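Peer 1: So the chains spell out like this:
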Amino acid sequence: AQKITQTQPGMFVQEKEAVTLDCTYDTSDPSYGLFWYKQPSSGEMIFLIYQGSYDQQNATEGRYSLNFQKARKSANLVISASQLGDSAMYFCAMRETGNAGNMLTFGGGTRLMVKP
Amino acid sequence: EAQVTQNPRYLITVTGKKLTVTCSQNMNHEYMSWYRQDPGLGLRQIYYSMNVEVTDKGDVPEGYKVSRKEKRNFPLILESPSPNQTSLYFCASREMGPYNEQFFGPGTRLTVL
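Just so you know, the sequences run in chain order V and A. Taking the numbering used here, the leading residue of the first sequence gets 1, the next gets one more, and so forth. Taking the numbering used here, the leading residue of the second sequence gets 1, the next gets one more, and so forth.
These are calculated hints, taken from the structure and not from any lab test. Just so you know, these numbers come straight off a predicted model, no measurement behind them. Among the clues, some could well be false.
As the list claims (entries may be wrong) - Per label pair, the in silico range of CB-to-CB distance:
(1) V:G98 - A:E53: 19 to 29 Å
(2) V:Q2 - A:D56: 16 to 26 Å
(3) A:S82 - V:Q2: 24 to 34 Å
(4) V:Q83 - A:I12: 29 to 39 Å
(5) A:N51 - V:P116: 41 to 51 Å
Yeah, the Cβ is synthetic: ideal placement off N, Cα and C, and Gly gets one too.
Please model the entire structure based on the sequences and the hints provided.
Peer 2: Rendered as structure tokens:
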């Protein structure tokens with residue numbers, strides 16, 4: 001079974017609008033961390049935001065926020081006021097503390113395209 | 001500057017010709033790992049290392065070898081590359097502990113003909 005599912009292979013958003021990228025996960029480990037990474041066309045992986053399973057508040061980093069719904073096992077990324085430079089692939093990832101080696105497991109990614 | 005470096009960045013080779021992709025980090029991280037990225041599959045972990053001389057298999061280790069003789073270096077070795085190993089490869093490092101951010105290298109695009 002997929003541990004991380006990103007159901008939107010591609011999305012368009014109008015510049016300056018907000019956009020939500022979906023991520024659902026599957027784990028029986030009570031302690032885990034959720035990460036979002038951005039991969040622009042140049043290829044590098046850029047860390048955006050982190051949410052711990054025991055964090056009481058949703059994580060925020062500038063224009064990025066994480067809509068964490070633990071009971072639904074979802075960790076959607078919200079980008080406010082989209083910019084042209086936000087056009088990229090976005091990956092959701094999870095690390096389970098009970099997982100041997102604490103591997104980071106990635107979803108298949110969502111390609112976001114921002115329209116001017 | 002804190003970084004993870006990989007070499008080469010691009011490589012085209014032929015089936016069966018042994019190759020090594022180097023990875024080095026200057027952040028004194030104990031944990032290092034290799035991933036491959038394929039369309040629609042995201043990044044999948046090949047091997048990881050939690051310390052010098054300690055390595056273990058990730059999700060897709062077949063056809064790859066690694067070594068960790070020094071803390072800063074973690075080379076990926078393809079003894080006999082095959083076309084299904086054509087992919088984008090990332091090296092990464094982080095501090096130990098499950099909640100720490102992972103730092104990625106710039107990637108190596110490998111084509112095996």
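Peer 1: Are any of the numbered hints broken by this structure? If so, which, sorted upward?
Peer 2: Violated hints: none; all satisfied.
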